[in-house]
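Undergrad: Use the sequences and the hints to build the structure in full.
The lines below spell out each chain.
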Amino acid sequence: MNYKMSLPIAAVLLAGLCASPALAEDKGVIVAFVPSSTNPYIGQWAKGAQAKAGELGYTLKVIENNFNQAEQDSQVQQQLASGEKVAGYVWWPFENAAGVGSLRALSQSGAPVIVSNQYPIKGTEAYWTAYAGANDFLSGKTAAEILLDACAKSGVKCDKGAIIRFPAGVSAGDDRATGFQDAVKGKLDVLTVVPTAGFLEDEGYKVAAQIIPANKGQLTWLYTENDSLAGAAAQAARENGLVPGKDILIVGGTCHGDSKHVKNGEIAGTAIQSGYWEGWMAVQALGKFNTQGKVQDGETYLADNPDAPPADSDPVFKYNFLPNPAVGNSQAAYDAAKMWGKSADELCNF
Amino acid sequence: MLRMTNISKRYGATEVLREVALEVRSGEVMALMGENGAGKSTLVKILAGIEPADAGTIEIAGEPVTIRSPRHSQAAGVAYVAQELSIVESLSVAENVFLGDTDAGLFRSPRSLSTKARPFLLKVGLEQVDPLELAENLSVAERQLVEIARLLSRKARIAILDEPTAALSDAEILRVKGAVRTLADNGCAVIYVTHRMAEVFELSTRVTVLRNGRSFPSIETASLTVDTLIEHMLGRKLEQMFPARATRMGESVVELDQCIGHGLLAPISLSVRRGEILALAGQVGSGANAVLRMLAGVLPVASGTMKLRGAAFAPHSIADSIAAKVAYCSDDRKRDGIFAVRSVPENLSAPALDRVSRLQMISPVMESRHTRGIAELFGIDLAYLTRLAGNLSGGNQQKVALGKWLGIEPDVLLVEEPTRGVDVGARAEIYRHLRSLAERGLTVIFASSDTQEVLGLADQIATFYHGRMVRVVSAESSTPESIVRDVIHPTLAA
Amino acid sequence: MSIMTDVSPSAARRRSVPRFVWVIAAIVALYLVAGVITPSFATFDNMLVIVRAASITGIVAIGMSYVTISGNLFALSAAALGAFLAVIFALAVGHLGFAAGLAATLLVAILAGMAQGLSISVVGNPIITTLAFSTVFRGLAALFSGNSIVRIDSDIALALGTGRPLGVPTQSWAFIALALVSWALIRRARLGRLLVLSGANPQTAIASGLNVRLATVVAFVALSVGVAIMAVFTVSQFSQAKADLFAGYDFDYIAAVLVGGIALRGGQGSPLQAALGAILIALLQNFMLLNGFTAGLRMTVVGGLVLLATGAFHLLQRRLR
Amino acid sequence: MKVSSRSADLLGRLGLMLIVYLVFALHLPSYYSPAGVAALLDSAVLSGLVALGVALTMIAGEMDLSVGSLAALAGILAVKLFPIGVFPSIIVVVLVCAAIGALQGWLIHRIGINSMIFTVGTLIAFRGIALLVSGEKTQLVPLEDIAATDILIGKFGIFSVLSLALFAAAALIFAFTRWTLWGREIFAIGGGRSESRAAGVPIRRPIMIAFALSAALAGLAGALLSLKAGSASPLSYDSLLLEAVAACLIGGISLKGGKGSIVGVLIGLFCIRFLVTGIAALGAPFWAQSLATGLLLIIVIVAEAIFAAAAGRFRLAMRRPAPIIKVPA
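Residue numbers (UniProt numbering), protein chains in the order written: chain A, 1 to 350; chain B, 1 to 494; chain C, 1 to 321; chain D, 1 to 329.
It is worth saying that the hints were derived from the structure and are not from the lab. Be aware that a few hints might be false.
For lysine-lysine, the following DSSO-like pairs were computed, each having C-alpha atoms within a straight-line distance of at most 30 Å [what the hints assert, rightly or not]:
1) A:K122 <-> D:K155
2) A:K160 <-> D:K137
3) D:K137 <-> A:K187
4) B:K334 <-> D:K137
TA: Okay, here's the thing in structure tokens:
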């Protein structure tokens with residue numbers, strides 16, 4: 001390489017930088033650490049957080065690490081080193097356990113730290129101000145309730161079934177599976193728990209298309225950890241001559257995928273798990289803490305009011321959970337479903 | 001010091017060495033002589049551990065040794081300067097001097113290595129070269145001298161130099177000679193492979209001649225003259241393997257006017273007629289190949305003009321020369337002559353895909369007709385058409401490598417070493433086919449270091465020595481002795 | 001020195017046991033063993049399931065085999081390119097309709113293949129070059145999708161993605177058809193021959209006046225088209241595309257090529273072998289899945305199979321040389 | 001004369017690195033505050049250690065693609081071995097990885113297989129073994145013992161224990177490749193395999209050493225980072241290879257082997273770190289990082305290839321002997 005080459009490269013870099021927006025400051029900057037907005041759920045989360053920050057008069061900076069905890073750790077160090085005065089941090093670790101060190105470092109900066117999406121590890125309570133986000137145990141439990149409810153209603157005999165879970169080693173997958181299994185203990189029989197290689201339809205289909213025919217005549221239900229996987233499983237079931245909703249009950253439990261499978265009844269029902277509102281509530285919790293100055297012990301589920309988001313004047317608890325309102329599996333139920341003033345369609349189909 | 005007995009080696013069906021014996025004493029320089037393909041390089045490679053021998057014993061200082069790898073050979077005190085260079089371009093000169101030398105210690109700094117290397121570089125006349133310089137910046141001649149410096153740096157009991165002067169200028173050759181004398185004076189047994197008569201008579205104490213893979217008892221150099229040595233090398237072989245010469249020749253097809261390219265030291269002018277076979281006779285590094293490569297578009301023409309069928313001809317790539325119906329076959333068949341892992345028909349149709357395809361699809365009918373046509377013209381057994389080219393014998397591989405060019409119906413065929421690695425029977429066939437193609441109007445220009453081949457096959461012979469063309473003579477008026485004299489010792493030519 | 005690579009007649013005869021026979025033998029053996037162990041395995045339905053599971057990977061592996069045969073080892077950019085093309089397809093279908101979307105996707109795929117092929121013919125190391133391209137493609141996928149799910153609403157696409165003519169999924173039809181067409185192209189098309197010869201010995205190919213650079217470009221365009229087909233099928237099946245599609249799939253494609261026994265030095269093998277390799281791996285995965293092997297064990301076994309296959313085929317080839 | 005042209009090459013790369021640095025330093029105060037520089041140094045440890053190993057295999061004319069999976073496996077092992085102590089655990093893991101790497105090198109040499117092909121197999125297999133060993137769960141250092149790992153986050157000015165480890169490893173590798181026979185042999189076989197063999201270099205030794213060091217460094221990186229974080233996931237470090245390779249290539253390690261220097265690797269490493277960290281710190285979305293890294297890498301390798309080809313032609317032209325116009329006798 002020679003000197004000449006450096007010039008065009010530098011030019012490219014400069015051009016890229018000039019395009020980056022200057023940060024306006026008013027009430028202060030909130031810095032959010034998230035894995036990567038390549039994942040649409042995280043993209044939604046960032047949108048919600050951005051909206052709430054704007055409303056509260058903060059500027060939000062989202063720092064992405066592309067699903068790499070070591071990278072996120074260094075980003076935290078980098079951020080802390082910048083000496084920038086911030087209004088608070090929002091922390092969504094990629095590897096919950098591995099991120100504890102960074103979490104501690106953030107807490108030592110003195111700014112409030114809100115943990116989101118990944119349920120904090122026991123024993124780390126001193127390192128964060130509050131948790132505001134989804135509850136994966138709850139998600140699994142809600143899914144189980146929807147399934148049990150559907151079993152009761154449809155009159156289909158529910159006994160043996162299978163869980164198609166997130167890739168091995170993904171902690172959200174562990175939590176949802178645990179939440180689900182705890183809730184169905186003694187009621188349903190779990191034949192097998194199969195991890196996929198991804199979170200999306202193609203992976204769900206790959207696994208379901210092999211599991212369903214192999215256990216034909218045995219499977220009466222399937223729990224897949226999100227609706228993307230559930231939709232694919234419904235497709236696989238149909239291709240194997242099983243009518244979803246009649247011969248087999250499928251539940252995903254988090255509306256994150258193609259809603260048509262819910263609307264046409266193929267999936268036994270779903271629950272609104274909104275990335276948008278999760279990001280929104282994380283920023284709201286930070287705003288609440290900054291104005292109220294205190295955190296109440298214990299946990300709370302924010303009310304799942306269909307029409308209005310929770311008020312900024314509500315107290316902030318140590319654990320603030322995103323509600324997972326269940327949605328029935330029909331077009332009408334889906335159309336009617338709303339959470340905090342946004343329709344299920346808006347929140348689930350992004 | 002060294003005694004090699006009953007060394008045999010075969011590559012596939014071809015016997016390269018047969019019960020060869022070689023004996024060298026400490027402090028003497030043994031010249032190893034023989035025509036190309038006589039087995040000299042194979043013999044020294046066996047001693048250097050690069051090729052394994054099939055049979056035979058090697059004794060060094062009276063003790064039998066097993067040599068299976070270059071490491072064994074080194075451990076036994078053998079040092080080797082290869083015909084193909086073993087210089088690593090990305091290392092410094094000093095490091096190349098001590099490459100593979102474990103005695104120099106595990107820890108080495110560039111400085112200390114360079115200090116250590118300097119005396120050896122001095123001995124081969126590379127005092128102007130910085131030992132820290134990267135070897136890639138050295139000329140071919142300088143690299144060769146670095147190799148000799150490496151040889152000097154090893155405390156070797158036996159030193160092998162395989163044509164060390166092929167690429168060197170006269171001044172550089174002087175340095176090599178000096179280095180060889182030093183080695184011998186220090187009690188080393190030196191094996192010196194060369195084609196240059198002058199060096200043999202100046203340096204060696206004895207000469208061992210190899211002919212067709214067999215050795216002859218060594219002869220004191222003092223008892224030889226140039227003529228008797230040439231006689232020994234050629235033997236009295238009068239083989240009836242060559243076809244009759246051209247009966248009629250047409251107009252001039254290829255003309256070179258004062259052409260110069262890489263590898264040539266003086267401009268070349270030549271004219272070759274339709275139906276003629278021209279031999280470019282010369283040893284490695286003589287510049288004979290450069291003429292072919294310029295015509296083939298592989299080597300740029302630095303100055304001068306070339307003409308093909310009367311029109312100016314300046315190919316920039318092989319594809320250009322193919323388009324002008326000039327075909328070129330290099331001397332490294334394995335590297336760029338055949339597709340070893342593909343079948344014979346696929347090899348034969350490779351340069352002429354247009355001729356066997358219709359609408360961009362290859363027609364099996366056309367391809368089979370094409371390959372059969374070539375097979376018949378070039379005497380390739382039809383049974384081989386289902387085989388992979390790599391599974392054929394050397395002779396048949398060569399027929400494939402040459403024959404594939406017939407598919408483009410060339411006007412001019414350029415061949416380097418047309419029968420290298422080919423057994424005697426297949427040789428005669430190749431000669432016959434080349435001649436019959438010439439009779440049909442093809443012009444053949446081949447470069448060869450095989451005197452018999454040059455003399456037997458060609459109509460005209462251009463001899464090359466050391467980057468210069470010595471003369472052009474008709475084959476009829478030449479003798480083996482006159483050719484050999486021209487290509488290895490032109491100053492003694494009458 | 002003279003080079004003689006004559007081979008004894010017995011070796012020449014052994015050479016004629018083609019590699020795909022070994023792969024087929026492995027498939028049959030595994031099928032029988034698995035059928036004995038797991039009764040539900042050896043059913044016709046499950047055979048269809050396995051072919052279906054092999055289809056999507058196999059379509060790309062067939063494209064990858066062109067790269068390998070042309071002497072360029074393999075590419076690490078197929079998955080990222082797949083995500084990019086999926087996003088492009090979904091966007092184009094949304095705005096321009098199915099036919100135009102398909103055309104646009106293929107066009108982008110061909111351009112992406114040409115860019116990679118040209119870069120590789122300059123740089124010379126396909127693995128590193130495609131590694132760099134993969135980050136670019138992934139970045140473009142994220143950029144174009146705007147980090148959200150791109151949905152399409154096209155009946156043609158849905159029919160293409162979920163149809164089952166004669167009870168066999170469209171993906172499997174495409175997989176089989178593509179394997180056969182690719183095989184025919186490699187055998188019979190002029191470009192196919194160019195590819196094979198360039199891979200067999202680039203020096204000889206250049207010396208024979210063939211355009212080796214073109215061969216590299218053609219190989220990567222073929223791979224990109226395979227990737228485009230996969231992307232179109234996947235988007236059609238689920239009516240949506242995302243930027244993080246196919247993450248981590250690259251090694252599945254490569255594993256299929258390696259297990260299929262395509263010689264990595266190039267110039268040998270056929271796309272059919274890649275297809276068989278994909279089926280063998282799908283078979284093994286299916287067997288392990290049905291027997292409840294953990295994900296780690298499954299991955300270890302596949303990695304071991306790749307090592308075993310490459311090592312064995314390599315030694316087999318070396319002995320015959 | 002060539003020495004100076006080699007340093008000119010390094011200076012050019014250093015210039016590129018400084019330009020990248022300056023471009024971001026203009027926008028980011030953390031690029032020049034001591035704590036920020038320390039953070040930058042720390043961020044380079046993981047890919048830096050791995051890049052040193054990848055550089056060695058590349059210099060030897062080979063390529064170890066399995067480093068990411070091996071680092072993940074090493075992380076799992078290190079956390080599992082945590083009860084024997086932080087440093088004993090690191091040492092054991094590094095030794096185990098070195099042995100694995102040496103075996104890998106031995107097999108590659110013995111079978112005579114292309115190392116890129118072979119390590120694709122081990123890349124898949126090591127990841128699988130990491131999942132198996134961990135029981136597909138993130139491995140944790142018990143929270144009550146986590147204080148024992150604090151030794152890894154000790155700071156000395158702008159250096160931390162980790163970044164000191166990186167620089168120490170770089171210095172050792174630098175010394176090894178420059179001043180020892182075994183190190184020079186790695187350069188020799190990369191620059192000319194058959195030439196080296198003919199000169200008597202034992203090919204197996206440098207290959208085994210290169211792969212053993214590559215694996216040991218990947219193991220060290222995985223162990224250090226996992227112990228520092230107090231946890232190890234079997235799925236981690238899968239994008240490590242790209243960054244390590246990018247550092248090597250931007251730092252001037254030749255794709256054809258035999259060329260490059262450890263100093264160059266460090267320059268390449270920080271070039272890529274400054275870029276990635278800077279873009280993320282500005283709050284740009286992931287695609288911007290991804291595009292910038294990929295494009296930078298492509299531009300560098302393509303430009304380098306074109307430059308090398310031009311230089312080769314130039315050298316050939318220079319080497320052509322001056323024609324001596326003289327009709328021979």
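Undergrad: Compare the structure with each hint and give your call.
TA: Results of checking the hints against the structure:
Taken as a hint, the A:K122 and D:K155 pair is honoured in the structure, with Cα atoms around 28 Å apart against an allowance of 30 Å. Distance hint between A:K160 and D:K137 is fulfilled; the C-alpha atoms sit about 26 Å from each other, no more than 30 Å. A distance of roughly 27 Å separates the Cα atoms of D:K137 and A:K187; the hinted pair therefore holds under the 30 Å criterion. The suggested pairing of B:K334 with D:K137 is violated, with an alpha-carbon distance near 54 Å, which exceeds 30 Å.
The structure fails hint 4 only (numbered hints given earlier).
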